[in-house]
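One-letter residues, chain by chain:
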Amino acid sequence: MDPIHQFEIKNLFPIARIGGIEIAFTNSALFMLIGLLLILLLMLGATSSRALVPGRLQSVAEMSYEFVATTLRSTAGTEGMKFFPLVFSLFMFILVLNVIGIIPYTFTVTSHIIITVALALLVFLTVVIYGFWKHGLHFFKLWVPSGVPLYIMPLVTFIEVLSFLSRPVSHSVRLFANMLAGHITLKVFGGFVTMLGALGFLGWLGAIVPLGLTALELLVAFLQAYVFAILTCIYLSEAIHAGH
Amino acid sequence: MDPQAAKMIGAGIACIGMGGAGVGVGTIFGHYLAAALRNPSAAQGQFGNLIFGFAVTEALGIFSLLIALLLLFAL
Numbered sequence: 001m002d003p004i005h006q007f008e009i010k011n012l013f014p015i016a017r018i019g020g021i022e023i024a025f026t027n028s029a030l031f032m033l034i035g036l037l038l039i040l041l042l043m044l045g046a047t048s049s050r051a052l053v054p055g056r057l058q059s060v061a062e063m064s065y066e067f068v069a070t071t072l073r074s075t076a077g078t079e080g081m082k083f084f085p086l087v088f089s090l091f092m093f094i095l096v097l098n099v100i101g102i103i104p105y106t107f108t109v110t111s112h113i114i115i116t117v118a119l120a121l122l123v124f125l126t127v128v129i130y131g132f133w134k135h136g137l138h139f140f141k142l143w144v145p146s147g148v149p150l151y152i153m154p155l156v157t158f159i160e161v162l163s164f165l166s167r168p169v170s171h172s173v174r175l176f177a178n179m180l181a182g183h184i185t186l187k188v189f190g191g192f193v194t195m196l197g198a199l200g201f202l203g204w205l206g207a208i209v210p211l212g213l214t215a216l217e218l219l220v221a222f223l224q225a226y227v228f229a230i231l232t233c234i235y236l237s238e239a240i241h242a243g244h
Numbered sequence: 245m246d247p248q249a250a251k252m253i254g255a256g257i258a259c260i261g262m263g264g265a266g267v268g269v270g271t272i273f274g275h276y277l278a279a280a281l282r283n284p285s286a287a288q289g290q291f292g293n294l295i296f297g298f299a300v301t302e303a304l305g306i307f308s309l310l311i312a313l314l315l316l317f318a319l
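Those protein sequence lines, which keep their order, are chains A and B.
One point on numbering: in the numbering used here, the residue at position 16 of the first sequence is 16, and numbering is uninterrupted.
The number in the numbering used here is simply the position in the second sequence, starting from 1, with 244 added.
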């Protein structure tokens, strides 16, 4: 009953070998492909018959679109809507992968830090590159808030730079650690149920606890996808409106 | 001291940090609820800020949990 065992990456079949590095199709890649296919099916199925009165599938797609669009518009303004494809893809990708991970015997892709760091760096580099492209050297104003007394300015600037640079760390570790901790908790409580089951029928009533935890995990899966999306919106908004 | 025992004790101590995050998250939601009851019409507009504050606070608790998990399983 090793609770870490579920996060093991297995090679399903090898693809190539470059130098000493083996490139293989892993279960992580498999579940990313499954998630991508589910999103594609949802979006294609919803937009194939564009009815005025939406059906079930179409309302799901419309609701998720409206949800992300409202979030982006309220944090980054209408100017931020040019980043809508990025934010929507991130939100749907993380949400679908998180929810797939709750199903027993599946693999949670977002519980690996390499995946979340890649996503967070994508956002971070987009913010830096777009900020410098749009504002030039005025982008540095982001770290020099106006209205701060001069004698305290070096300290404030130092803190602002430090907090800006630590963003990709907290952005990625939040998602990764939440998923990891949640799945370990589920596994540990599952182990408790089998231990209690040895006591007889009354012990099996303990199985209600993991059921409640799974419901909580479903909430966390949605909330973390939303948090990732809203933080992306806030960071993008700073790149768009730097120096205001 | 046995290294395994030291690891277990260290993991337990690391988890104390989560209490601080608990206080912070409780403060955020409590103040949101108090303000929302005073002015329910403005509550919906601050939902994004609520979740943002929650996420930033919760991350710190998760960091200490991460240290505990690293001590138990990775190191």
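Hint data in this document are derived by calculation from the structure and do not stem from the laboratory.
Hints may be right or wrong, so weigh each one.
Calculated lysine-lysine pairs in the DSSO-like style (CA-CA distance at most 30 Å, straight line) [as the list claims (entries may be wrong)]: (1) A/K10 <-> A/K134; (2) A/K187 <-> B/K251; (3) A/K82 <-> A/K10; (4) A/K10 <-> B/K251; (5) A/K82 <-> A/K134.
Evaluated hints:
no. : hint              : result
1   : A/K10 <-> A/K134  : 44 Å, violated
2   : A/K187 <-> B/K251 : 21 Å, holds
3   : A/K82 <-> A/K10   : 38 Å, violated
4   : A/K10 <-> B/K251  : 28 Å, holds
5   : A/K82 <-> A/K134  : 14 Å, holds
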